[in-house]
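Could you build the full structure based on these sequences and the hints that come with them?
Below are the chains, spelled out letter by letter.
There are 4 protein chains.
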Amino acid sequence: MSGSSFGKLFQITTWGESHGKGVGVVVDGCPPGIEMNESVIQEMLDRRRPGGSITSTSRKESDTAKILSGVFENQTTGTPMMIMVENRDAKSSAYNSIADIYRPGHGDFSYQAKYGIRDWRGGGRSSARETVGRVAAGAVANAVLKKENIEVIAHTIALGSIKAKTFDQQAIHKNMFLCADKQAAKLMKEEVARVKAEGDSLGGIVEIRAKNIPPGLGEPVFDKLDADLAKALMSIGAVKGVEIGSGFSAATLRGSENNDPISPDGFLSNNAGGILAGISNGDEIIVRVAVKPIPSISIEQETIDKGNNPTQIKIQGRHDISAIPRINVVCEAMVNLVLVDHLMRQRAIQ
Amino acid sequence: MSGSSFGKLFQITTWGESHGKGVGVVVDGCPPGIEMNESVIQEMLDRRRPGGSITSTSRKESDTAKILSGVFENQTTGTPMMIMVENRDAKSSAYNSIADIYRPGHGDFSYQAKYGIRDWRGGGRSSARETVGRVAAGAVANAVLKKENIEVIAHTIALGSIKAKTFDQQAIHKNMFLCADKQAAKLMKEEVARVKAEGDSLGGIVEIRAKNIPPGLGEPVFDKLDADLAKALMSIGAVKGVEIGSGFSAATLRGSENNDPISPDGFLSNNAGGILAGISNGDEIIVRVAVKPIPSISIEQETIDKGNNPTQIKIQGRHDISAIPRINVVCEAMVNLVLVDHLMRQRAIQ
Amino acid sequence: MSGSSFGKLFQITTWGESHGKGVGVVVDGCPPGIEMNESVIQEMLDRRRPGGSITSTSRKESDTAKILSGVFENQTTGTPMMIMVENRDAKSSAYNSIADIYRPGHGDFSYQAKYGIRDWRGGGRSSARETVGRVAAGAVANAVLKKENIEVIAHTIALGSIKAKTFDQQAIHKNMFLCADKQAAKLMKEEVARVKAEGDSLGGIVEIRAKNIPPGLGEPVFDKLDADLAKALMSIGAVKGVEIGSGFSAATLRGSENNDPISPDGFLSNNAGGILAGISNGDEIIVRVAVKPIPSISIEQETIDKGNNPTQIKIQGRHDISAIPRINVVCEAMVNLVLVDHLMRQRAIQ
Amino acid sequence: MSGSSFGKLFQITTWGESHGKGVGVVVDGCPPGIEMNESVIQEMLDRRRPGGSITSTSRKESDTAKILSGVFENQTTGTPMMIMVENRDAKSSAYNSIADIYRPGHGDFSYQAKYGIRDWRGGGRSSARETVGRVAAGAVANAVLKKENIEVIAHTIALGSIKAKTFDQQAIHKNMFLCADKQAAKLMKEEVARVKAEGDSLGGIVEIRAKNIPPGLGEPVFDKLDADLAKALMSIGAVKGVEIGSGFSAATLRGSENNDPISPDGFLSNNAGGILAGISNGDEIIVRVAVKPIPSISIEQETIDKGNNPTQIKIQGRHDISAIPRINVVCEAMVNLVLVDHLMRQRAIQ
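Chains as they are written, first to last, in the working numbering: chain A, 1 to 350; chain B, 1 to 350; chain C, 1 to 350; chain D, 1 to 350.
A few of these clues could be false.
As the list claims (entries may be wrong) - In silico DMTMM-like links for lysine to aspartate or glutamate, alpha-carbon gap of 25 Å or less: (1) B:LYS314 to A:GLU257; (2) B:LYS174 to B:GLU151; (3) D:LYS21 to B:GLU43; (4) B:LYS174 to B:ASP46; (5) C:LYS306 to D:GLU207; (6) C:LYS196 to D:GLU284; (7) C:LYS21 to A:GLU191; (8) A:LYS21 to C:GLU43; (9) A:LYS306 to C:GLU35; (10) D:LYS306 to B:GLU43; (11) D:LYS21 to B:ASP46; (12) A:LYS189 to B:GLU257; (13) C:LYS165 to C:GLU151.
Claimed, not checked - Covered stretches of chain C, going by a simulated chain D footprint (3 or more residues, C-beta under 8 Å): (14) 15-26; (15) 75-83; (16) 187-196; (17) 236-244; (18) 327-339.
I should point out that these hints are in silico values taken from the structure, not numbers from a laboratory.
Virtual Cβ for every residue (Gly too), placed ideally from N, Cα, C.
Printed below as a string of structure tokens:
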């Protein structure tokens, strides 16, 4: 399986560059008979659209999803679904000045090193716009999981120096940061304003929770559920870290503190994050990802050009201040994709 | 590819349970003409052997590697190598008492939920003993990478509450904790003694560094180098978190702080951990993993039996206090495996 | 990897139904720096277009290929190429009458059994129109192979009862049957006229030859070159048999007849069809496929409807008399795809 | 997935050379709870043992199967099964004389070209002895399929010039050629005696039938059931052709003859060989393979040595006259493996 495909049974293959003709995904292996139409996809895509948040670029993308195959009379047929979004509002000329310059923190240098050629317009394939395909596919996965009552939700637990201190699920979709702590959300707004004024950018931490997971998902010893979640989430451009349950804090806990005691009614704590020995234990799955600050900043930076000459760069134009909150729905999508794939793998051995 | 296989071109498949007849690995796809014999494997295996450290079980395993195929006249032939270690010192009877009880923090419950049957002797397939196959395969990967001058080294940066504060590579193999800070190593020894007396166990953090990596390794957008490293490392039993470069601390940095400026002589910092947009940038690769405390403790814990009746358990017998330092060579092995696979993938497109 | 994907390193994923919005393919893993534009694809697609031969349907399809990603400044970039053709001249209403009837020799019954739902319009996913994606991808593979001087050519060696008796490569593209024996081609024309008048259809045999193959391609013991060729070709709808070199006639030869003696200048015969022990030996690769007669005939046939009631069917409308010669370019495409994938796999171990 | 692995969910990985320490297989992805022990494997292995037939070598191999993992209390646990057979009666010295000579019809030349090194002892990896792993894995697959009442049987329909003319399933295991026509079997015995006296060898045709196949198996458009069967069977060393149902004879049939009419009670004929559009239709699956004559003959042949000098070779020692009937159980094994994998894939989407 090549690098643009993900999933073993529920397999997606994304394609497209930021400023090419479009972006999209082929979803192959989806079970037949799932209710499906373009609005199912669109609803999810709208959540990653820029311009929906003060952290985001003002680039206007209609991002209208079209399903070109695999659906008949509003049902999936079990054959591959091609879902695409045309690129419309792409101003490539804005990128002319950086055609020969490697932007710090971006993939310009490494793409050039790998392929000897790169589509520099808007970051080409390394653009966050590639996640359109992931989110569209995630919407299909979500439709399958809904039949099992499985629910996946991402929320922001840190943005720059601001940390969420409480968890109120109802609050998440009531603030632009998708934060479950509405007080923290207010502080985040101030933080963003400060950083924007400075021409700088912010990182943060997103937590993803998945409920109603049947025990038994995950395939030891390499396709463990946590291993596949780690890969899925780390494959998102801005993510630099992934942890499950107690995660990095487990390093400082004793066994007697980190072990989750078991009672006839279930686990009495959830340091495991819902996964034991790589297999879901029926408890809520809890994963967190570290999101690095957007590398495109208008502050001057040292860099080089293709000829290895030193130069400086200030990145102008429309750029997000933080990948959060647009990345949140991408995280949900990736978790949905891992879960549906493992659900199907588990069905296969039963 | 099923769950016990890893790697796309350099593919390994591990097999074996803790108290079965043996454990091992098939390495398929290794380039031909690599110098190979059993001592290459043995040297690596000896580093994961229990009894070599005060944190480890006193179980004596000779762990003698046998290569049964794929090597001819001390060279790899390009055909699959089967490497195995027989199980000898396995006292299954010590586990009789827990045949019907789910140990907290272990995979007993989740394995039973998945398969409806489990080999409870010593944890069966979920035992750390499975990593024998990983380490043996990692030794083969390492032999391939050596020809490219690539070097992978793991060191302990935290054990329980003790953190390494300096980095002296020479120190790593001079203390039993594989810590690059010899002062910290002394404190770790005291920490372990304390915890052992309490019948408890410890977690920690291991950092893996890989040098002389050619730029260009990694396959966007899903088989990114960092994504595959995250999966590889998270698939190790005790690992609950993985981060690359600045990792979780990137969440609190500004773009202007986290971006690595570029000069004609290379990157001026390495927050990226050697990977940009999922592709190696030629800089040192830096990854850290969170290791949870060993779940087997002699302190009494609440749990249930197979009939869902509440019970208590104290785990007696030979158990490590921490997966560190035995896990370090396993981490090295997994990183070696990812690197060799991506090296070969990159060759394929050239 | 799901069922609509093929290839390990040079991976294609086709999508689309006969009467949906379009058909296409994602080509992932193509080496960068290959000269590419839509005319490279179009030239190949034009060879499978209906209406180009007296054996073919009069359905007019412009089949205009669009490349939506993966190409920049007329070169492949190493990122996935999405190539699509819109469906325009699809008269679905012509199929209304068979929405609930299983056509003999078609996949109507088996698709329904598998998925519980099927897009019956024009055969849906099981239509030969799916091969548009294969041919487009084959054109890309062909562009890579050309750099190695590798050439793949398919020719018709039998159509119904008419067999080619001579081989003149120059003749192949000078007759509508792509037959290397121009005398046989004339007889084929008469055979087709006879069968068409009867409302019946014809099968035949296509031979594919590949020249300038470097020795060493093929991955024992399952991904042998002949095994992958067999799969690739048998996956084409109308193909019911595949043979390599002496093929089925090897069954009646003695070892002394079938073995190819070797001289310092190469093999003295080619019963092996260019493949020994699953690995190319440097000789010409020779494969033949059995093509069944088109199942859509206007002669009345016994069948059942979805309710398992007996009924009769005469298939009217535009249908080919034989899959030959349109299938020939599809065979070439599949062989090109296998060869490029194995070329890349071999590079990876060197 | 590397070349020594086969199957998507029920994945096998074979290892071992003819004269190395052993041969075997890892079976990963087998459903848990299947009754299993070494005699299940042994029974199947005994059927491929040399010395059991007048066509076979007199090499005595005990071929005792050991299961080293994946089975607990006589049941599969869902974890990988390692099954191995030690090599005992391997007289490598008999091969010394051909260490530097390429045997016609063998993989000596192509292996050397691919890897630059080869284990020449007994053919190394390209030896038919590799099929021990396939047969052992096929026995496991067979145990899973038995629960679904699926039965796979191979019989010889041609040996050299002798063809079976009747089909009496009871006769198959009553003659040494596994021929369903006992009269033909007698003639085969005479044919073998003649050819043996000449120091030559024979090919033939084996037919494999699979009964009680549920409709719906097969994954369009590349992992069609017939495509995977073709790959599975063509990957067997001596096989040079594969055909399904009417196969190559379909080339001369009209559509009205080749189509299978459908009645409320099922298909009225079976030219499809039980597969329509790549998906099982519930009818018996019928596949035939062309088996080339054994290349090792004692008649002198022209060849070259490693230095490209012309030389002659007469292959002495213990060699089969025909791969039939030992290959028959290997064919059954490969068909079993394809069927179990597709059965599991179909379960996954339901």
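Each hint tested on the structure:
Taken as a hint, the LYS314 (chain B) and GLU257 (chain A) pair is honoured in the structure, with Cα atoms around 15 Å apart against an allowance of 25 Å. Simply put, LYS174 (chain B) and GLU151 (chain B) have alpha-carbon atoms about 19 Å apart, close enough for the 25 Å limit, and the pair holds. Restraint check: the Cα-Cα separation between LYS21 (chain D) and GLU43 (chain B) comes to about 22 Å, which is no more than 25 Å; the hinted pair holds. Of the supplied pair hints, the one linking LYS174 (chain B) and ASP46 (chain B) holds, its CA atoms being roughly 16 Å apart against a limit of 25 Å.
The suggested pairing of LYS306 (chain C) with GLU207 (chain D) is violated, with an alpha-carbon distance near 33 Å, which exceeds 25 Å. Between LYS196 (chain C) and GLU284 (chain D) the CA atoms are separated by roughly 32 Å; this puts the pair beyond 25 Å, and the hint is violated. Between LYS21 (chain C) and GLU191 (chain A) the alpha-carbon distance is near 47 Å, which puts this suggested pair outside the 25 Å criterion. A hinted pair counts as satisfied when its Cα atoms are at most 25 Å apart, and LYS21 (chain A) with GLU43 (chain C) qualifies at roughly 22 Å.
Restraint check: the Cα-Cα separation between LYS306 (chain A) and GLU35 (chain C) comes to about 22 Å, which is no more than 25 Å; the hinted pair holds. Proposed proximity of LYS306 (chain D) and GLU43 (chain B) is contradicted: the alpha carbons are some 36 Å apart, above 25 Å. About 23 Å separates the Cα atoms of LYS21 (chain D) and ASP46 (chain B), which keeps this hinted pair within 25 Å; it holds. For the hint pairing LYS189 (chain A) with GLU257 (chain B), the CA-to-CA distance comes to about 21 Å; that is within 25 Å, so the pair holds.
With a C-alpha separation of about 23 Å, the suggested pair LYS165 (chain C) and GLU151 (chain C) falls inside the 25 Å cut-off, and the hint holds. Judged by the Cβ-Cβ criterion of 8 Å, the stretch 15-26 of chain C is not covered by chain D as claimed, because only 0 of its residues qualify and three are needed. For the stretch 75-83 of chain C, the proposed coverage by chain D is not satisfied: 0 residues have a C-beta within less than 8 Å of a C-beta in that chain, short of the threshold of three. With 1 residues having a Cβ less than 8 Å from any Cβ of chain D, the stretch 187-196 of chain C misses the three-residue criterion, and the hint is violated.
Note: the stretch 236-244 of chain C has 6 residues with beta-carbon separation from chain D under 8 Å; the three-residue rule is met and the coverage holds. Counting residues of the stretch 327-339 of chain C whose CB falls under 8 Å from any CB of chain D gives 0; the rule of at least 3 is not met.
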